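K.L.:
Chain by chain, the residues run as shown.
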Amino acid sequence: MSDPFSTAFSMIVSGDPAFMEIIGLSLRVTLSAVLIACLIGLPLGAGLALARFPGRSITIIVFNALMGLPPVVAGLVVYLLLSRSGPMGSLALLFTPTAMIIAQSILILPIVISLTRSVVEDLWGEYREQLRSLGASRLRAVPTLLWDGRVSLLTGVLAGFGRASAEVGAVLIVGGNIAGHTRTMTTAITLETSRGELGLAVALGIVLLTLTLGLNAMVWFAGQWARERLG
Amino acid sequence: MKIERDLHPPILPLRLDRAGFAVAGEKLLQDISLSIPAGRRLIVMGANGAGKSLLLRLCHGLIEPGSGRRLWSSGETRPLAQAMVFQRPVLLRRTVAANLAYPLRLRGMDRATCRAMVEQTLERFGLTSLSERSARLLSGGEQQRLALARAWAMRPQILFLDEPTSSLDPSATRIIEEMIAAFAAEGITIVMSTHDIGQARRIAQDVAFLHRGRLIEHAPAEQFFDGPDAPEARAYLAGELVW
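Those protein sequence lines, which keep their order, are chains A and B. With the numbering used here, letter number 10 in the first sequence gets 357, and the count goes up by one each step, no holes. With the numbering used here, letter number 176 in the second sequence gets 244, and the count goes up by one each step, no holes.
These are calculated hints, taken from the structure and not from any lab test. Treat each hint with caution, since some may be false.
[Said to hold, decoys possible] Once the Cα atoms are required to be at most 25 Å apart in a straight line, the calculated SDA-like pairs of lysine to any residue come out as:
| hint | chain 1 | residue 1 | chain 2 | residue 2 |
| --- | --- | --- | --- | --- |
| 1 | B | Lys95 | A | Ile387 |
| 2 | B | Lys95 | B | Asn116 |
| 3 | B | Lys95 | A | Asp350 |
| 4 | B | Lys95 | B | Arg83 |
| 5 | B | Lys95 | B | Arg280 |
| 6 | B | Lys95 | A | Arg479 |
| 7 | B | Lys95 | B | Gly117 |
| 8 | B | Lys95 | B | Ala149 |
| 9 | B | Lys95 | B | Leu130 |
| 10 | B | Lys95 | A | Gly472 |
| 11 | B | Lys95 | B | His263 |
| 12 | B | Lys95 | B | Pro133 |
Every value quoted in this text rests on a predicted model; they were computed, and no experiment measured them.
Okay, chain B solo, but in the shape it has when bound (with noise of 0.2 Å):
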């Protein structure tokens, strides 16, 4: 299926220069380099409280750096085609076609194009069954999948997720990871914090991994599971427990 995502200008390579967070003195994120290129998939790892959603909400811009800078190629400050889906997804109180709809109809989309677009979308997800359910009323691996299939809708250029499987079981789990597979291959680039070390394994080309709000790793993911330079990561691999 062809998607018209040269409509925009390239925003790949997002570069975070020294970036750092804090809330009321409390240094979250830390002096935070790292260049995102396009048609990659990154994973970020860490343990909890390391500062991965974080990282992933300042990239996709729901915080602001406190210091440092964030810099899409395009110069805009909040690029369009770039979405998230969170750990879990908030659907709207409406229809599952209705939840697809939203967020093209806010970008302007006539109504027209909208409803084809939508019909596509379901479609391509084997949603087209369940359209006019209640998004709220679907199950746990449902709206995750419903969640994802709203962020291709959206057509974006890069894709946050934050542990977008952290509560689902393994067959749902599975479907997840074979979208976000698919999306890889549409060469949309992606971000994705998970725990699940095999799971990073699976789709990891490039890992970073956080320490205490501190990048202390980011390498090619062969390179990173064959042996981290930070001991904190290898330890984490290990299943020590690090904090």
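Next comes chain A alone, as it looks inside the complex (with noise of 0.2 Å):
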């Protein structure tokens, strides 16, 4: 067996077509749940940091907790929602990137309206007042808030995209590690280090790692250049 260090030098640097796929499935896979999450979570969050209704507060809460939400649940959920006996099985979802896809949305969706709360419950205690004496009623206030707090909700979205990208349980369940199809970098690597092909596995641990600090340099840069050019 050749060291895996210089087998994965090679794959990333020859840009081996099934070390690709893998990486663009992954990504594909991740980017769709973090856009749904988004387009869910942004505006519930902000409702949710706005509205007063009984049980608001347990809803807070659950939401919170479900940040935690360990991914093979997820992937338990999706996967009893879409077997062939399951309420959704007629739509033959199980064992494709869709369903990927709607497993990492929910574990994502949680940390999206968490961090909208909070982001947007701040700037209302702020902005209240003075967009009230502007003329703007709470519903009218939503989009404003989100676009005032976008910097801090960028954080939010990203952390989404690093739990999801990172996460190995929930697509392992409802994708089933097929190769070219469902194979992402996180199920990859378990089941090429189960059978000893440390190559690959490496490869795509450096990608992950890669993308985890670039992710996270991202997130510093923006930070940066908002405080310069927002306040």
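Taking the hints as your guide, dock the two standalone chains into a single complex.
P.N.:
Structure (structure tokens):
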């Protein structure tokens, strides 16, 4: 067996097609999930920040708790929903990238909702009187607050992206780690390591680490830029 | 510069009829009856906690009277032709121009009219060179100027100002006072609270003096500064500590 690091290195340099395909699928699944979670979570989180209704505290606590939802549990729930005997079994989505997108959306959604609520609630405290004075209703305040909180919200969205790209449990359960179809970076690492094929695992590990590092750099520099430009 | 204020029906005088406001049983404003006629400059005075800010918020419609009534002469509950400037202006995290456009767009003004109004306002207040700057990065004085410009662009018949210069230095204060005087000259009714007796003398035509949530004196400025009837107001003007 050759040194896994040199195998990994040659894979990265040559852009091995199977290796690239795995990265491509991972990014497609995770980015789609982030997009879906944002479309639902940003307005919902802002609504939760501004609305007053019985059970609001419980709702907030539940979403906060769900931020720590174990990926395998999210995977299991989606598996039960999509399995042939489940309520959505007729859609035949199990073991497809779509199923993985659904599962990851469920993982990211609580993060987006909770962080949005917290950011928007803080801003609302500051803006409330002024916005009312300017003539904005509560409902109209939602897009205003989301836009004015854009920098802090970006951090939350990237945190969601980080969580989804790093998790293995949910995509493994609902995707099935089928080569060329539902194999992502994390599921591939799991499988390759257990088979002793360390080259691909190390290469994917390097890509994942680079991705995490890049993301954090982006968050940092976006924050710096915003402080200078937006105040 | 011609401003079409006649688009709106006159909303003044504003009348408060035995208005009160309480939080958790504590009466913060009590039994306030007051009429604010059009075209006057009313200064609201009183010690900290006397209820100056609350009175302005009650008039402006940010809080509702728990007892008594607030009556605009147009019969509306909250007319659009009014604006308020706060002690610390809350500017949106956007450019200066976008801050001016925001309330206009809220009122359903179309894009072209809004752009023209923003440009006119920028020019009127010497803010054109700052128009693409981020509002949050302006100095305190510039921020308050922008807040006043934003209020002006809303074409108010009445403008409420809650200690608008209390966190500004003298030169910025002077600019703000000049703006207020210019607004008043255009016929905008001014209702402003302040701690600064010199400032009150410079601006006031009428003075309302609050003490522990009650309006204990409401008089023309000359009469008030010559010698108010209420002993608390006399003590306040003499620089004694009234609370």
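K.L.:
Which hint numbers doesn't this structure obey?
P.N.:
1, 3 and 8
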